[in-house]
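Given the coordinates of chain V, assemble chain L onto it according to the supplied hints.
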Amino acid sequence: MPRLDGKVTIVTGAARGIGRGIAELMAAEGATVVGADVLPFDGETALARTATLDVTDEAAWVALVAEVVADWNQVDVLVNNAGIADYDVVHETSLESWQRVIDVDQTGVFLGMKSVIPHMRRGGGGSIVNISSIVGAVAVPGITAYHAAKGAVRTLTKNVAVTYAGDGIRANAILPGWIRTPMTADQTDEINERYTRATPIPRAGEPVDVAWAAVFLASDESAFVTGVDLPVDGGYLAR
Amino acid sequence: MNGVRSSRRLTGKVAVVTGAAMGIGHAVARCFADEGAWVVAVDVAPFGRPYPLVEQRSLDVTDEAGWAELTAHVLGRYGRIDVLANVAGVIGYDAVEQLELAEWNRVIGVDQTGVFLGMRAVLPAMLRRRSGSIINFSSDWGVVGGVGVTAYNAAKGAVGSMSRNAAVTYAADGIRVNAMVPGWISTPLTDRQPAAANERVIGSTPMGHGGAPHDIALGCVYLASDDSAFVTGTDFVVDGGFLAT
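Sequence order for the protein chains is V and L. First residue of the first sequence: 1, per the working numbering; consecutive thereafter. First residue of the second sequence: 1001, per the working numbering; consecutive thereafter.
Mixed in with the good hints there might be a few duds.
Which residues of chain L face chain V? A few of them, derived with a C-beta cut under 7 angstroms, are [to be verified]:
no., residue
1, Asp1215
2, Asp1227
3, Gly1233
Heads up, incomplete: computed chain L residues facing chain V, CB under 10 angstroms, no partners named [claimed, not checked]:
no., residue
4, Gln1098
5, Leu1101
6, Ala1171
7, Arg1176
8, Asn1198
9, Pro1206
10, Gly1211
11, Ala1212
12, Gly1219
13, Tyr1222
14, Gly1240
15, Phe1242
16, Ala1244
No lab work stands behind these hints: they were computed from the structure. Even for Gly, the Cβ is constructed at its ideal location relative to N, Cα and C.
Here chain L stands alone, though its shape is the one from the complex:
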């Protein structure tokens, strides 16, 4: 029987969080830091105020060279990478017959290829230490169909299967990979959506309300911490019961 660990559950861990300037990524970065992790927060968008233990850097997750620079920086400054949270994402709303190839490529590039590039960038360092936890952001729309949102649906499903693939591939190397599956969360992304679209999703959520970025961040703390040492390849659903219906 293990006793209760330090009340700070990520003390000493080094975490990279993408999409960390706002919304869910912002909450994940702060929550990790509150739990004692050294956090390197990255985004293409500008950051707001600084936060203790959070280093803010610019990164376009679709930029392979940018990832190489980032990991070199993190390893040089902190010596290792324990956690990668691939949160960065964009959404498009077009149905298949309206969807331009350029728009498809934009969404797939960030939501799917960005996750691949992130995993590939940090895995060599994790493999050297035979330890690591990767959290890739899927969505309820990676599990069931939404109306329109074609490219987002495709990318988020790909993140789920890619996460299971990496989980199985690297399990014996001490590296865990899980997919976070949020439902409707109040963020700048959902704020920009038409009210009717938001109401439709929230109306189908058994809890009857949306979630907050903090709800997702606390799930990420569990997946990043050693509490989840035997948890890999899962769809970790935080959605107010949406997928249970």
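Isolated chain V (complex conformation):
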């Protein structure tokens, strides 16, 4: 039996990279997956639906979740994956750039949870998987706002886990290390090598590595797991 049979799932940032990997694997494991993104979805997909969503737009969240509930009655799983990065050090980070990253990477996660939690409570529970990062736990130089937002996602996730545990809602964070995606492909070799050189497992992580962790956290296999950080980082944080 597929591990996510019948679970109605929303995945943000699902057009490419880690989000696409998660969305497709969850669909293959039997979930009804709504993939949401500001970007278009290229190529064939096994998703039940693709939707345009700017995760910083509260009204758009409300509309998307209402549509999902109208069609499938429930939301069982939310994967907050959408993210962007900036690379500046603190004294060179413009307020506009800071705000943009915090809005997408942090406020977008808040808005997604806020939108689905009433429906999860009504449905007797749910599983929220938020994508943080190894730099939500430790630091590299620069990339200021991304560090701030990813750290916030970790503590925000624990807060939601503790607040809604009695409602049957679980919330966990995945901390990916260096993963081969369009986002990291856009980074300089210097930045990428800083991560890959420091990663004990001598290969690049792939979106599917993160996706298997997300399947575990979304499934009932992890019924007693909430408020945790799950690194998928080739050992980076263990050093």
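Relative to the frame of chain V, chain L by itself:
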């Protein structure tokens, strides 16, 4: 994009599970077998009924020669060792000023030195195949302090740091090492504890209830399987939210 793998996630893998006669180890051994693994289950305590794909053997994890015999047997019969789950553990409740050295050594011996001996025993075979997954049992009490439980606190913390050490040391050899960090789980070990002590821990667990051995076993399946191929050196927490508070 990988497709969905076989519904049996550990098909063909050879796994050694310690502390497998009861409680969490028992559930891990059965769950591994249900997922298609060949399981060699070991314990100092007697085993109950047999289970398909599970071979039951006697082992005191503090016995270095016993480990050598066991690995020779497993390699002779199955040809390799893909997974080691070091579950065997004992607990003591004494606070530092009451703790006898002999009791300290008993708990450290099983919970910590037993894990070291297990890893050391299987690593040569894993290194030859450049592949393996080791799951060492830590605890919430390996991360935060409990009242009393001095030696257990020390040993479980040591398991966490020792697991990270082995993860970093053997990552390039294809061997992954993770620490499983259970919260309060209903087992013969916790059944023997005073009700008030159990209620205190469960009362501090956000989910408001304890976990079952099966909850831990399913986490172990993830860590043992190739699903977690890029996961090493982690504290894998299954605790109903206890550590998040």
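Hint-by-hint comparison with the structure:
no., hint, result
1, Asp1215, "holds (4 angstroms)"
2, Asp1227, "holds (4 angstroms)"
3, Gly1233, "holds (2 angstroms)"
4, Gln1098, "violated (32 angstroms)"
5, Leu1101, "violated (32 angstroms)"
6, Ala1171, "holds (3 angstroms)"
7, Arg1176, "holds (8 angstroms)"
8, Asn1198, "violated (16 angstroms)"
9, Pro1206, "holds (4 angstroms)"
10, Gly1211, "holds (4 angstroms)"
11, Ala1212, "holds (8 angstroms)"
12, Gly1219, "holds (7 angstroms)"
13, Tyr1222, "holds (5 angstroms)"
14, Gly1240, "holds (5 angstroms)"
15, Phe1242, "holds (8 angstroms)"
16, Ala1244, "holds (3 angstroms)"
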